[in-house]
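Trainee: Residue-level listing of the chains:
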Amino acid sequence: MTKKREIIFSLVRGLLAICIALFVAMLLIFISSEGAGFGEKLRATGAALKQLLIAPLFRTGRSGVSFDVKRLTDVLASMIPIIFTGLSVCIMFSANQFNLGAEGGIMLGAFTTAMVAIYVPMGAVIHPIVAVLAGGAAVAVLMLLPALLKTKLDVSEMVCSLMLNYIVMYVIKFLMNTYLADKTKGQIQSYEFLQSAKIAQLVDNGSKLSVGFLVALVVVVICGLFMFNTRWGYTIRMIGLNQDFSRYSGMKVAGVIVLSQVLGGFLAGMGGGIEMLGRYNTFSWSALPGYGWTGITIAILAGNNPWLVPLASFFLAYLTKGCELMATYANVPAQLLDIVQGVIFLFFAAEQFLSRYRQKLVVKSAQEELAGKEGAKHA
Amino acid sequence: MPDEKAVRPDETYVVRMEGISKIYPNGVAANRGVDFRLKKGEIHALMGENGAGKSTLMKMLFGLEQPTSGEIYVNDQKVTLSSPSVAISMGIGMVHQHFMLVPSLSVAENMVLGMVPRKGMFIDRAKAIAITKEYAEKYNLHVEPEAKVADIPVGMKQKVEILKALVRGAKILILDEPTAVLTSQETAELFRELRGLKENGYTIVFISHKLNEIMEITDRLTIMRAGRSMGVYNTCDVTKEEISRLMVGRDVVLNVQKDAAQPAQTVLRVRDLEYTNEWGKKMLDHLSFDVRSGEILGIAGVEGNGQKELIDMLFNLNTPNGGTATVNGVSVIGMPQRRIREHGVSLVPEDRMLYGIAANASIEENVISDRCSAKRLNRGPLFNMKAIHEEADRLIQDYTVLCKTRKQHVGMLSGGNIQKVVVAREFSNDPVLILADQPTRGIDVGATEFIRKKLVELSRAGVAVLLVSADLNEVMELSDSLIVMHNGKIAAYFKDTKDLTDDMMGEYMLGLREQSAEQIGRVCHD
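Here the protein sequences come in this chain order: G and R. Just so you know, we're using this note's numbering here: the first sequence kicks off at 25 and counts up by one. Just so you know, we're using this note's numbering here: the second sequence kicks off at 8 and counts up by one.
Isolated chain R (complex conformation) (with noise of 0.2 Å):
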């Protein structure tokens, strides 16, 4: 094990979390045995994709989450997280990565909320701010005490929350993806703080997945990988390829059978979609790409690339800055959802506990949500409950969900069963289109190669299918052609997915590599 390697016996760790386990209450195991160590005045990188359960564990760590099992021992003492105050009064803070800060306080408001300095009845405001000065001078973190939160940039928004922390007395620092909402200067900067809080014997953990960031400011990392630790490393020990390849590799292999594809016409044509965050961050960038009756294009990529957006945008569930989106012609872009599945267009979304189902519907009502005002289903202003019940137990027949009635409500079915549900809704209304968006992420392996066989079923009877994956796997087995985004951008278009590599997927996913302009323009079908 890579773990022996990195450490020695007699060395002293502030935190260590052992044999951690997960398993929320909907079934979902997040962390499998996981090991984690943390040694005094390091900056230990903490990687994996979203979803491989880095967040979890740290949020275990913080006591927002109580693990299943495993023990965490803080400065050798066995602890009980049991809520972040007490993971405060440890010495353990956390910086999120979308900000929990009052946005119409002053910053000095927001530094002592919760312990506020009181003059009789009312706040020693003065006092705020001289606390606020004092703690950014200590660290060299410069601030505004009297700026409101809202007016001032991101960047001074993050120094904020750490010295939030301080005040509150940390010596372990989470940072959840810090550097996700900073530009390059303001990253330069909060490294060169990061390095001074280490000199003054402070912890880090830096979650994170962005290789660069990692290898220029980090001392070691714990790569995770499906709720598993892939391993420690001392970061000058590794390369980028061997994170890369630890971090997206593939594990499972299950074979799909499928003929080749035989494209016919175009039916979703993308061109120029851009799109700008609320925080100003470019999500997508000038995007075009076509996808054609029959075949299956994938979209591989780190999460956070612009995937979301990209659906988001073709289902109407946010509007784009810029350029058209067209199915079959028709152009979809602010189109309600009743029109777009008119048109013949299918989603399974990521967030299925979100859009895909009601978690307090039964099965029936949720398998007939697309289509209840359909006339077979209905006769004059009643239901048609015969036919209902046929539509619903012919779902769950064809799509073998297991359940004990059609009666049973969706919330109480496991996360593979959930997704049945959903991907017999939108694989059985006749598409045109299919956008999948992860659609196998988290269920268990009988349920993921069923939806991946019906995938390749229906584009092979002549569907269209856009398949969204982070899983590597995922993407390269069933794709007939695959693009790989990369910052919003399209980082390369493989015509085949036959000679593709993980190493060169890896590369590609995490920006170390990009095709030529002219390659990926290979992907428009004009």
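Next up, chain G with everything else stripped away, as it sits in the complex (with noise of 0.2 Å):
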């Protein structure tokens, strides 16, 4: 198949994908909506996809739709920790190594972080700095278990890694809840994290929008760097594409196999240690936080590329606020974001999707190829 038939194929899946989801969702929305007769309720459908697809950047008022700042800030800001994570799951995926450790991996790494930042008191700039690659350190090392079991004696890492998940988020709630919460307050917290900790703000409208997303855009170019133009991340790419390829042509498959999920975990580390310094003052995380989760969504629709991942967690941060203003204007429970979440992630995961179009498309390149042949030869 020709290369532009390839990429005309990729775009429709993506857009057909998206388009389904967004179809689930109006019908769910449509369910769920108040109203008495068909009319009200197709309008407060309505209503309530306005606030989906356009408030996350626009408010309506009586002057018509005016462009909000705050609430494109809001939108930046949350895509700080699911760059991260949509990094890390980039890296491992492309490495073929379904490792799902990435939530895990965040709320470990916000732990971690915030330890450093409360309890080792450092200098203004560095400390961020060392508190934050402290988490990506700790999450790399905790990434070395399931991908040393998966070289040496062959275990899943994807059932490793999904177990490891619950015991990093059990094992810091016993810490928090047993030794280090700050027993003055009310609900299960931290103590306050050092001033010299904290990453500074980008815009004081309470976004929460901070430098951390300035680092999360050059990790992006490092990333993208690193899959495409260095021998290493070239390494990890073929592994993923043909492992048996890759033995042969003298690669050390298992070396690289531990690298992916060790740099992965290392990603989702210093984004839980970002997002830490960045929006918290304490550590009050008591459940995974979900961004490991979207990770994963966002590599799948990045296909992989570090490149489009800054694309891909737009989208999603997007949508997340979407379904938040929805909820709040429009009554619609804001879990729907999951589902449109679910059914985009089906049908991009779902790799016969289009199979059969995408077989035509193959046929009429062999035929079209055949034909140039045969024309070659009595010419």
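Don't read these hints as lab results, they were simulated from the structure. A virtual CB, placed ideally from N, CA and C, is assigned to each residue, including glycine. It is possible that part of the hints are untrue.
Said to hold, decoys possible - For the chain G half of the interface with chain R, some residues (derived, Cβ under 10 Å), not all of them: (1) ARG83; (2) ASN253; (3) TRP256; (4) THR259; (5) ARG261; (6) MET262; (7) GLY264; (8) PHE269; (9) SER270; (10) ARG271; (11) SER273.
Said to hold, decoys possible - Counterexamples of contact, computed for chain G against chain R with all Cβ distances above 10 Å: (12) VAL195; (13) TYR258; (14) TRP331.
Fit the two chains together into the complex; they arrive one by one in their own frames, and the hints show the way.
Mentor: This is the structure in structure tokens:
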């Protein structure tokens, strides 16, 4: 199949998946919307859809539609953790390692960073850097577990990392409840971070859009270069595409499988740390935050390409904000987001989705090629 | 045509496949206008080398593949065999070479899989066992219904497979190389049972390339070569020699010019290499030979006689049970592929889609896979993209890879161009030894000629080449000297390929003749 047809196929497939998801969302909104008759329900659905699709960036009032900076910065701020988990999953999935540990990873990263931010006094600029790197390092070490089990004992990294998420969560909860909680507060939360550890904000409107956003973009560039312009990234991708070929070509397959998961862990941990220091004053997460799961959706949307992660993150952050607003103003449950995400995920992950259309394109290309050859023979 | 000779027009056929062609999505034409007919109650051999298209033909009869063109008639009814279940409902059953049984279940449970007798919510085991016993007795195929499949011998597994097909109502049985895994006693027993089935009116297709067995058991035979039928014969009317000529004869003679070889020092030295596969079959039997710098040593033989295993051992894709293999004095057994390559060994793998390329990566990414860490392609931590582009463009040009850009996915190229990508990489890294395993299988004439010329060119420049090929034309034209492998052993060594004839080769390849140990020993240049 020609490259052009391949791109057209990916585009059609992606857009169709999103359209189907939105259509399902519309149906659900319609069913759950309040109103007596069909017309009223339809009007309520329209209002809800407006919130979902337009409101994350625009405010509608009597004076018409106006751009809303606060809502934009909100969306951008919520991209920070999911860019990191998205990149993390991209790298691990590129090596064909279905490590689902980004979820526990982001929590452990946040926790470790918070501890360094509370208990290890340091200078102003250096403190957040050390704290975030510590968060990344902690998760990198954690990911050695599924990676080494995979390469040494052929344990499924998927199962191992998935279970690891819950181990991480409960260990952190145990540590918080038993040793680290600030007993003067009404809920389980840590002591406050030292002032020196906080990450500066870019805008002062309460959106929590911190310098972390810029760091995330820099990391996108680094990851993009790493995956496509270095021998290590190249090796990771080749192993993901064809492990037998990689081994035959003389690549260190086991080492790179470990490397991909350790790097993925590091990124997830960093994301957790930056989110912690950019948004909060204390560590108070008592459950998995969900950013890791979103990271998987992002990686799938981006086709494991780090360069597309910001775009996919923006799309999901936008949807999240839309659902939030819809819940607030249109009385539609916010859980709808999970359904929309789920449907998109389903169609992107379904290998056979549109496979007949694809087969048609393949056959067409093959026939054209054969016809071209025959023509060349006769000429 | 011999076809007319063997067939009277008034005879009826249970199966007629007419004008069958099969073109796979990657452009490989596995069958080209094949006619295949089965008479009721005959044992019909389908013969041909691997890659001749016999498996593809049978897969279409069993509904596993659909023909690109052509028609299939079962009992004179035109049918579309869209899946194996359709084929089974028409009374066609297939016993695959590698058994499709669940090892952890009992024989009886395997027998009734997919049609389980029930007692309420539960499986009626007693009934399953009764069914198994009934059929085993009826067809005189002895099995132990209650034994676990994992624990029974290979011969019995095969009987379970045959019974499975019979229980499902098969009247036409396709047996894919049924004796490949059997001992000679088990084979004799199988033949007795097959004759019993034949007397009961069953029709059997027997896929094989073992001449003696074909002569013993079959009534008629169809010979295939390169996707085409070479004719249908009554087994009693042809000799082994004729069959061997039809099976392994040469199609096109391409002329590759080459000067006389001037072999220098020994590069590859193989001694007493031994390997027994997981089914207990001896694939390499004390294999010893040398390949010298500046010569092409060809290995001829029907596939499955140890050639694949030999190459796997030399590139550490598998581990031998004994023996040594050294390249310029360094043992390569168990050495990581990276180090093997550092010692100057290149491999053009037989399975190019599995080992040779990553189909979804670009041409550029495929040609640098063995050298991505080379200094000249890196600048600090980053790739030197300019150098990589130049390298890719140079190889694409030197090896005339027909493509739009270096960014094109390799999987999108035609078979010949895919192989050129593999060869471009393997030939361009200053090798001292090239292992070329079926380097031109299934690719177009132009690419074939190009690759053969390159091989000769490199060998004349001092590279040692070990060429494995099932294509008789190829090994005979290209090799300076030649060994024939049969049953994991060297059946013959020819210092010179000039005076060899196809008929002679065929006889060695099919095990009808064998040289003396002294003659074969000359392949070691100590």
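Trainee: Regarding the hint that PHE269 (chain G) lies at the interface with chain R, is the smallest CB-CB distance below 10 Å?
Mentor: OK, holds: PHE269 (chain G) within 10 Å of chain R, min 5 Å.
Trainee: Let's test the interface hint: is any C-beta of chain R closer than 10 Å to that of THR259 (chain G)?
Mentor: The hint holds - THR259 (chain G) has a Cβ within 10 Å of chain R, the shortest such distance being about 7 Å.
Trainee: Next item in the hint list is SER270 (chain G). Is there a CB on chain R closer than 10 Å to its CB?
Mentor: holds (7 Å)
Trainee: So is VAL195 (chain G) really clear of chain R, every C-beta pair being over 10 Å apart?
Mentor: holds (36 Å)
Trainee: Against chain R, is ARG261 (chain G) within 10 Å by beta-carbon distance?
Mentor: holds (7 Å)
Trainee: Given ARG83 (chain G) was flagged as interface, is its beta-carbon under 10 Å from a beta-carbon of chain R?
Mentor: violated (44 Å)
Trainee: Min Cβ distance, ASN253 (chain G) to chain R: is it shorter than 10 Å?
Mentor: With a minimum Cβ separation of about 5 Å from chain R (threshold 10 Å), the hint on ASN253 (chain G) holds.
Trainee: Under 10 Å is the threshold here; is the Cβ of GLY264 (chain G) close enough to any Cβ of chain R for the hint to stand?
Mentor: holds (9 Å)
Trainee: Report holds if the minimum CB distance from TYR258 (chain G) to chain R is greater than 10 Å, and violated otherwise.
Mentor: Contrary to the label, TYR258 (chain G) does not stay out of reach of chain R, its closest Cβ about 5 Å off (not over 10 Å).
Trainee: Could you let me know if the closest chain R CB is still more than 10 Å away from the CB of TRP331 (chain G)?
Mentor: The claim stands: TRP331 (chain G) keeps its Cβ more than 10 Å from every Cβ of chain R (closest is about 15 Å).
Trainee: Under the criterion of a CB-CB separation shorter than 10 Å, is MET262 (chain G) in contact with chain R as hinted?
Mentor: The hint holds - MET262 (chain G) has a Cβ within 10 Å of chain R, the shortest such distance being about 6 Å.
Trainee: Against chain R, run the beta carbon of ARG271 (chain G) and see if the smallest gap drops under 10 Å.
Mentor: holds (6 Å)
In summary, the structure is inconsistent with hints 1, 13 from the numbered list given earlier, while agreeing with the others.
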